[in-house]
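Colleague: In the order they appear, the protein sequences are chains A and B.
Residues 11 to 157 (the numbering used here) are what the first sequence spells out, left to right.
Residues 6 to 203 (the numbering used here) are what the second sequence spells out, left to right.
Just so you know, these hints were derived from the structure itself, not from any lab.
Here the structure is a predicted model, which means the values were calculated and not measured.
Cβ coordinates follow ideal geometry from the N, Cα and C atoms, glycine included.
One or more of the hints may lead you astray.
[Said to hold, decoys possible] Think about it this way: if two alpha-carbon atoms lie no more than 27 Å apart in a straight line, the pair counts; the simulated DSSO-like pairs of lysine-lysine are:
#1 B:K39 <-> A:K59
#2 A:K122 <-> B:K39
#3 A:K59 <-> A:K39
[As the list claims (entries may be wrong)] Pairwise CB distance ranges, derived in the manner of DEER restraints:
#4 A:G108 <-> B:A95: 34 to 40 Å
#5 A:R145 <-> B:R180: 17 to 23 Å
#6 B:R180 <-> A:C47: 37 to 43 Å
#7 B:P16 <-> A:D142: 25 to 31 Å
[To be verified] In silico negatives: residues of chain B with every beta carbon more than 10 Å from chain A:
#8 A12
#9 G25
#10 A34
#11 R38
#12 A126
#13 E154
#14 D157
#15 S159
#16 R182
#17 L185
#18 G186
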Amino acid sequence: MPETCPHGFDETLLSGAIDQELVQADAQKVRIHLEDCAFCRAQFDELTKLREFAMSTTIRQPPDDQWSESPRGGISRTGRTVGWLLAITWLVIITAFGLYQGWQNTDGAFEKFLGFGGLGAVALLFASVALDRRRTAKTDPYREVEK
Amino acid sequence: MPLPRIAPPLPRTIRLAQGGDDPAREELAVYCRKIAYIFALQGCGDRHEAHDLAQDAVLRFFAALDRFHTDRPVKPWLLTITRNLIRDRARRQRTRRIEAFSLADIVVEPSDPEPGPEAIAALHQMQQLLWRSMQELSASDREIVTLREYLDLSYEDIANALGVPRGTVMSRLHRARRRLGAIMTHRKQASEGEVHDA
């Protein structure tokens, strides 16, 4: 049995014909070729059977109660979004207020440095990490998916 | 040819799900779980891992659902997410694939309305042989065959899911099918040889 079609036919068209993905002219070409070529006919039948075996297979799924996490529905999703917005707004206001009060009530450059130097350092570190993350996000394998 | 077993959700269902309708979200989730689980099972070869991957994929799918266009098919998008998760897991764990798939996980669904016990047994045997032979394919071959044969994606949807031109799909799929056929033949001959030897 030869490895490839003895007539040099483009065998990939056989798959296209099985999947009904060919344009009419190519489908016709396959039909005519199959009448004369035993090799391609055998291959066509084998691949058709293979597809039938796969298509007739049902894979047992995990029971419904094993899918522990369900996607959040409308009310809980809205609630979660509003909750986060409120929490972030509150955090920004309270932080700004605290910083303002702290700055106003601290006398002297050294005391101000003690109070705000550490916070400034943490803020700078946070900003640099955020910038790094943004740069590496360009090679994130999920970036196309999330668009 | 048997019909695809899992009917895709209607655009209306997706629109309702995007609007936060709970029954529509549940219907869409059930569909997505089935699709993602089958793909993950062939991708990682382990039932529990596949369950986790499918769960994760569905949650990610829903997290980005607002950005999904209802006129596009769900499968390619969902399967791209699942594929990324499978690859991510493989990179992290670098484990060898194992044939952890139990025979009991395949349920026979004969196309003949009244098949005899022998026909069912023969069909079941071929389905198992096919599934196991898939495990010997390379990751990219297994991926494309699963998308076409088990999940019934069109060439265009496969091209979208794999990020390759549509023309590449047909040639790659054909090569993968031929390799799969050769593996099946080899396995069949090997098992028949064992029976004869016994």
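Colleague: Hints first: check each against the structure and report whether it holds.
Modeller: Hint check:
At roughly 24 Å between alpha-carbon atoms, B:K39 and A:K59 fall within 27 Å of each other, so this suggested pair holds. For the given pair, A:K122 sits about 60 Å from B:K39 by alpha-carbon distance, which is inconsistent with the 27 Å threshold. Under the criterion of a C-alpha separation no larger than 27 Å, the hint pairing A:K59 with A:K39 is consistent with the structure, at around 21 Å. The hinted window of 34 to 40 Å between A:G108 and B:A95 is violated, with their beta carbons roughly 47 Å apart.
Between A:R145 and B:R180 the C-beta distance comes to about 38 Å, which lies outside the given range of 17 to 23 Å. Taken as a hint, the range 37 to 43 Å is violated for the pair B:R180 and A:C47, whose Cβ atoms sit roughly 19 Å apart. Judged by the Cβ atoms, the range 25 to 31 Å given for B:P16 and A:D142 is violated: they are separated by roughly 40 Å. Chain A leaves B:A12 outside its interface by the beta-carbon criterion, the shortest separation being 14 Å against a cut-off of 10 Å.
Not every C-beta of chain A lies more than 10 Å from that of B:G25, the closest at about 2 Å, which undercuts listing it as non-interface. Non-interface status of B:A34 relative to chain A is broken: a Cβ of that chain comes within 10 Å, the nearest being about 5 Å off. Interface exclusion of B:R38 from chain A breaks down, the closest Cβ pair being 6 Å apart, not more than 10 Å. For B:A126, the condition that its CB be more than 10 Å from all CB atoms of chain A holds, with the nearest at approximately 14 Å.
Listed as a non-interface residue, B:E154 fails to keep its Cβ farther than 10 Å from every Cβ of chain A; the least gap is roughly 4 Å. The Cβ of B:D157 sits about 7 Å from the closest Cβ of chain A, inside the 10 Å cut-off, so the non-interface label is violated. Interface exclusion of B:S159 from chain A breaks down, the closest Cβ pair being 7 Å apart, not more than 10 Å. B:R182, annotated as away from the interface, has a beta carbon of chain A within 10 Å; the closest lies near 5 Å.
Annotated as non-interface, B:L185 brings its C-beta within 10 Å of a C-beta of chain A; the closest such distance is 7 Å. Its closest Cβ contact with chain A, about 5 Å, brings B:G186 to no more than 10 Å, contrary to its assignment away from the interface.
In this structure, the hints that do not hold are numbers 2, 4, 5, 6, 7, 9, 10, 11, 13, 14, 15, 16, 17, 18, in rising order.
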